[in-house]
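**Student:** Turn these sequences into a full structure, and let the hints guide you.
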Amino acid sequence: MTMNVLATFSLLLASALCNNFSGNIKIFPPDQPPIRDGLPLPLPRTWIKSDKVFAVLGGQFLFHATGHMCADLGKAFDRYHKMIFNTFPEDLRKSSTSSGKYGYHQNKHSAESNITSLEVNVNQICDGTPQPALGMSETYKLQISEGSAMLSADTLWGALRGLETFSQLVYEAPSDSPGIWMVNETVIEDTPRFQHRGFLLDTSRHYLEKNIILQFVSALAMSKFNVLHWHIVDDQSFPYRSMKFPDLSKKGAYDPDTHIYDQQDIDEVIEFSRQRGIRVIAEFDTPGHTQSWGFGQPGLLTPCYGSDGKPDGTYGPIDPTKNSSYVFLEQLFSEVHQVFPDQYVHLGGDEVSFDCWKSNPDINAAMVKLGIKAGDYAGLESYYISRLTDIVSSIGSKYIVWQEPLDNGVKLANDTVVNIWKTTPQPALEMSKVTAAGYKAISSSCWYLNRIAYGENWQSYYMCDPQDFNGTDTQKALVMGGEGCMWGEWVDGTNVMSRTWPRASVVAERLWSPATATDLDDMKERLEGHRCRMIKRGLDANPIDPSYCRYEKQSPPPLW
Amino acid sequence: MALKRFLTSHLLKRCSAVKLVLLLLFGIIFSYMLAGGFHADEPKPYIHEQPTLRMHPETVVERRMLNANEDSLESLRAPTTRVAKVLDNRNAGTHRLGQDRRGMDLSANGGNVPAPARIDTALTWDKPITPDELSRQEQWSKVSSYGDSAGGYNKAPINNKFEEKVGVKAADNVSTSSHSLSHVLTATSKPSKLNYNQQQVAETEANTQQQKNKPDNKALPIQSKIKSEEKKTGPYLVKAQAKNARTTKLTREKTRQWESYDYENPNNLLQIHVDRAPEHSEGVGTPWPMPQSYLTEPSLTVVDMDNFAIVPPAESCDRVDKAVERYTRHIRSKVDLYIPDGKTLRQPSSKQRVLRVLNVKLSRPCRNKELPHEHMSEQYKLSVSGLSAELSAQEPWGVIRGLETFSQLIYYSQGYPVINTTHIKDYPRFSFRGLMLDTARHYIPIRNLKRTLDVMSYNKLNVFHWHLVDDQSFPYVSKAFPNLSKLGAYSSDQIYTPTDILNLIDYAADRAIRVIPEFDSPGHTRSWGLGYPALLTNCSADYHPFGAVNPISNFTYEFMNTFWAEVHDLFPDSTVHVGGDEINYKCWLRLKKLREFMLEKNMTSEQYDYLTLDGDKLQGYYLKHLLEVMPRDRKKIAWEEAFSAAQMWNVSMDELIINVWKGGDYEWQYTMENVIRHGYKAVLSAPWYLNYISYGKDWTKYYEQDPHSFLTYSLGADTYKDYVLGGQVCVWAEYIDETNLEATLWPRASSPAEKFWSSAAMNDWRKAETRFENHRCRMTRRGVRAQPNSGPGSCKGRMQIKPPYEANTNF
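Same order as they appear, the protein sequences are chains A and B. Counting in the numbering used here, the first sequence runs from 1 upward without gaps. Counting in the numbering used here, the second sequence runs from 561 upward without gaps.
No wet-lab data here; the hints were simulated from the structure. Note that the structure is a prediction, hence the values are computed from the model and not measured. Just so you know, even glycine gets a beta-carbon here, dropped at the ideal spot from N, CA and C. Be careful, since some hints might not be right.
Okay, derived cross-link-like pairs now, DSS-like style, lysine-lysine, Cα gap no bigger than 25 Å in a straight line [to be verified]: (1) B:Lys903 with A:Lys251; (2) B:Lys903 with A:Lys250; (3) A:Lys322 with A:Lys310; (4) B:Lys1241 with B:Lys1257; (5) A:Lys82 with B:Lys1241; (6) A:Lys75 with B:Lys1362; (7) A:Lys536 with A:Lys82; (8) B:Lys929 with B:Lys882; (9) A:Lys210 with A:Lys244; (10) B:Lys1010 with B:Lys1362; (11) A:Lys422 with B:Lys921; (12) A:Lys141 with A:Lys75; (13) B:Lys1177 with B:Lys1153; (14) B:Lys903 with A:Lys210; (15) A:Lys411 with A:Lys422; (16) A:Lys251 with A:Lys210; (17) B:Lys882 with B:Lys1010; (18) A:Lys141 with A:Lys82; (19) A:Lys411 with A:Lys322; (20) B:Lys1222 with A:Lys210; (21) A:Lys476 with A:Lys398; (22) A:Lys536 with B:Lys1177; (23) A:Lys536 with B:Lys1010; (24) A:Lys358 with A:Lys398; (25) A:Lys433 with A:Lys369; (26) B:Lys1195 with B:Lys1261; (27) B:Lys1146 with B:Lys1161.
Covered, in the sense of this in silico footprint (three residues per stretch, anywhere, with C-beta under 8 Å from a C-beta of chain B), are these stretches of chain A [stated by the list, open to error]: (28) 197 to 207; (29) 227 to 239; (30) 254 to 265; (31) 480 to 494; (32) 538 to 544.
Over the 10 Å line for every Cβ pair with chain A, so calculated as not near, a few chain B residues [unchecked claim]: (33) Pro1058; (34) Asp1066; (35) Arg1345; (36) Ile1361.
**Tutor:** Here it is in structure tokens:
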């Protein structure tokens, strides 16, 4: 079956894509608007599409569960009905005076048979609150033919991905035919290439309001991401309100009342994500990147010593030689384990500066006691990481770390997942090294979307393949996937959405679609369509080119 | 004596014994000053009259330092209080200072343009200052005085000679940089311990209090400490020290917590250095852009915001009335206040000094439906003291600017909205302070343009340069040539009708903003060709079927004549932008007819011994003839390419203003110099292309650019500075639309906005940083999506963001 699919893939893809576009659309204002509607992103594994167009009647349309039904599926039906047919909240809907000069009416009349429902067949029970997890099945099949539309999937998660694709295939007829939606005759068989398709959101450098995170998750779901990597705390602030250690956020947050995530906020984000098949992996980065922890947990950080041999009043990473540090960490991480249901937790471990440890005589003395060679601070880091990973394992969590512990020769347990982020040494070399050592790997190096530049820079994201390194098949199989990153130094609620999207969708396609999908022109068409679709759904996404989207962002009225 | 008692009783609760000793000393100094240090007729600081409004301890510290300053100044100063008088005299119209300044050593100003930009303007409208006012200002000038009337705010601008002559002391020139510090200290030739910077002093102070376990405490004796403080203290520093005092307090609190928690290292101080942007709340109540003269003292008046009234002048007009209405509504809405969560505003009590009214005065009556214009007067005077506040201006535009400043002065403190006693005299440095927005690459709806105009007025920008059309689309609806937008717009919805435009112009005029339309030709015109192909040269063999506008056909000029006449009727501003940039000569030179024409008219130049056709000359020909068919009574601005063309064809320099846009970093200086040497006026855009985004903090880069910086190269600054009309921020919209326009523009455009408005002496972004951060947060509180541009930080307060609309509400 799979072989069959792969064999026919390229032919089908080519034939499918050739039909879609009309002429040269960017150089000149078009006589006809480019038809970028109805193009899915990420590209499905197989996608056969014909010129036949069916009308989808919004007023009558129903989602119809033919297999297992559950609350989550029902909510997804509601959601997608709204997203497909109510393009805007009604009060914002733009009054249109378009005269239909672009001749869409021809298309309308060519609709041969109406689609009035989508039959959704989920094979496995999805009752209760199923948790998305690594390795969940996201495979689905979608068939749209004369008079009928069918979606089948093994799991709820597959059905969610299929619903998203369906919602992307259906597009609104031009404004002279209100209430008419259209869809081409289509067959799609789809399954993701990588299991771990994540995006990092940093809420420490700037606080992000809960609703922005929800919008972000909504956008993640549109691009079939399945992991929200929540870099929740860092040097700059500690917005996570811990039940056991309330002082951490009370003293370490930008504002202990407004700029925090309490349990309810976090539950809401997790539940919102779960309903969209997105795992929430929290990152509590240690032993570096922890300055803000020190405000609420005195004694945790290493006091740094000046050249005069006295404490200079500044603090470095977590003190790895004190037992109290580990007592604290065990309590914190067991709380985190309870709050975040995902089996994985991100332990950070990046950018640990040894200077402070070096300066501190107590640390150096303790190292001798611990049997660590004098001056071997990597060994000290190793000691810390192994104690921390032991703690986290005993709690029952699996863990991800950034690449530095491995680079520094820290001994890691075999099941450690390593998150590659540096660009030097070359990510390909690093991936090769990490997988050769037998660790699972997640690649982030090419996808630091916070590092903006003028013009179009999504192409490099598209052409970066996480499996593009020298290695055996076994090594390549260890690549779990990748993650885009939006570090928060320069973004907050005002710009995080528009700065991230739609470029992140390019990353999503790389992680979902087959490695052979490398046509930049085709990608650009679909990306523009996708961006316009995001605007239609009320999400801010940057333009990637001089162009227009028929759904305008509905910005608020003048200020005064 | 009331203050002394107040200080003593209040601080008793908080201070250790050491502090008390300090305090007593200050008290003695202060009472000495009260007895003999001031003139008898001097109004007392308002703080005496406020029994109920509790002063924040920080403020007390600030006062205390002030007093210390006063005292030690006495000993330093040869002719007492002369400085302030001189400074004020300059404002009041004495030419003495102007002469002195001309003798100034430019190098002392860091190679930058000398501070005074518009001193003459100030002379013409300022009334002579009464002795009463003068003495008050003497006091204020020590508190804080920014802007060019103080001769420089951060560098030491007044040279030794001048100092000796009038007896200026360091403390009166606001200066914090160590460079200027050493300069100043040399000038006053007072040996002292220079190597203590303010930070160290504050820390030392903290150490005295806290690190009792340290025997080798480096604290100076109090008296010498005060001296070392005040020597490097300008008014600005007084504030900075108050800030340090605040930090000290915080550290102390942390220490206490530390002591109670840390069982392992009880003696350590917890100082965690977190890399955050400046606290925006440090800058509350400070205006952006900085006024030319800004005198303030931390004497607070409570503002009754709920009932606040702005009283329009007796002979008012619609622009003023609308501004008054707008700002009244705005002040009453209290959106500017950052009120910490869980705190509520308290109602002012009857015992407090409460400000309820701002009186607006116009020195000449205004008419309805006036429009802002190139010579409009935006100057204003604002004084808030005690129970009264008055804003006076010559024209409605000054009122609009002044009301904006006034709205920025109110801030939250201790449960009340308050305003400092403040005196401001303000006027713009440049008359042309523009923002160019491109609505052709992406359509921007009118409602969003209006938002942009709103935010422009928060930043005192006064020209909206509207790049309406370009290659990609033609959204402007022309009555004479309807096909332009019918076929050239992205869609029939994405257009600007004459009604839209008139509406927008009126909206802009309410905010004292001129609207200058740009119809770029002969290049950047492909979308014109969709409706009127005959307008463009057609070399269909090329990649693009159409080239630039055909410069030799009669149709072109007939078309342009009609087209511009219509534009002329619609847009009332005295200036229009004719574009003229980036013409691709390829298509022109490909056409036989044009080649022959060029040969015939000698539009050639020699290159490597070959005679080649010179496209520049043909462009000049086009420009010349275009200007001839355009309405004569308008000034034209063109992009810098038109400059050489204009020269070749003797386009009058009264008729054409050159908009310099190339050479983003510093190469523009040569173009500016060249343009101005030839007698043309110029507007500078080159350093402020905000569409060029980059990673990290970039407002500082924009802040470091100055439209006058090239003048020191070789030109006489005084002769030529007026040829620089101003500057303009550009946002080209290839990658910009409604989703990201606001976040891209603000607060980045606020940085050049201050450069255009404030004194040339405002040239160090480090000193503007806190105020900038506060301004950004002020904008976000007003609902503007102003992006973070100072690194990790937070605007506090809640940002109102809707959940995704498809979200189920019941999960």
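**Student:** Holds or violated: Lys322 of chain A and Lys310 of chain A, Cα atoms, limit 25 Å.
**Tutor:** holds, 19 Å
**Student:** Would the hint linking Lys411 of chain A and Lys322 of chain A be met if the CA-CA limit is 25 Å?
**Tutor:** Holds. Lys411 of chain A to Lys322 of chain A sits at ~20 Å (cutoff 25 Å).
**Student:** Lys1222 of chain B and Lys210 of chain A: Cα distance at most 25 Å?
**Tutor:** violated, 43 Å
**Student:** What's the verdict on Lys929 of chain B and Lys882 of chain B, does the C-alpha distance respect the 25 Å limit or exceed it?
**Tutor:** holds, 11 Å
**Student:** Are Lys536 of chain A and Lys1177 of chain B close enough, with their CA atoms no more than 25 Å apart?
**Tutor:** Judged against 25 Å, a Cα distance of about 49 Å means the pair is violated.
**Student:** Is it true that the CA of Lys251 of chain A sits at most 25 Å from the CA of Lys210 of chain A?
**Tutor:** holds, 20 Å
**Student:** Do the alpha carbons of Lys1177 of chain B and Lys1153 of chain B lie within 25 Å of each other, as the hint requires?
**Tutor:** Roughly 16 Å separates the two Cα atoms, so the pair holds.
**Student:** Given the hint that Lys358 of chain A pairs with Lys398 of chain A, does the C-alpha gap stay at or below 25 Å?
**Tutor:** violated, 31 Å
**Student:** Below or equal to 25 Å on CA atoms is what counts here, so check Lys536 of chain A against Lys1010 of chain B.
**Tutor:** holds, 23 Å
**Student:** Count the residues of the stretch 538 to 544 of chain A with a beta-carbon closer than 8 Å to any beta-carbon of chain B: does the count reach three?
**Tutor:** holds (count 7)
**Student:** Taking only the CA atoms, is the gap from Lys882 of chain B to Lys1010 of chain B under or equal to 25 Å?
**Tutor:** Given that 25 Å is the threshold and the Cα spacing comes to 16 Å, the pair holds.
**Student:** Establish whether the coverage given for the stretch 480 to 494 of chain A by chain B is satisfied; the threshold is a Cβ-Cβ distance below 8 Å, and no fewer than three residues must meet it.
**Tutor:** It holds, with 7 qualifying residues against the three required.
Violation of the numbered hints given earlier is confined to hints 4, 5, 11, 20, 22, 24, 25, 26, 35 and 36; the remaining hints are satisfied by the structure.
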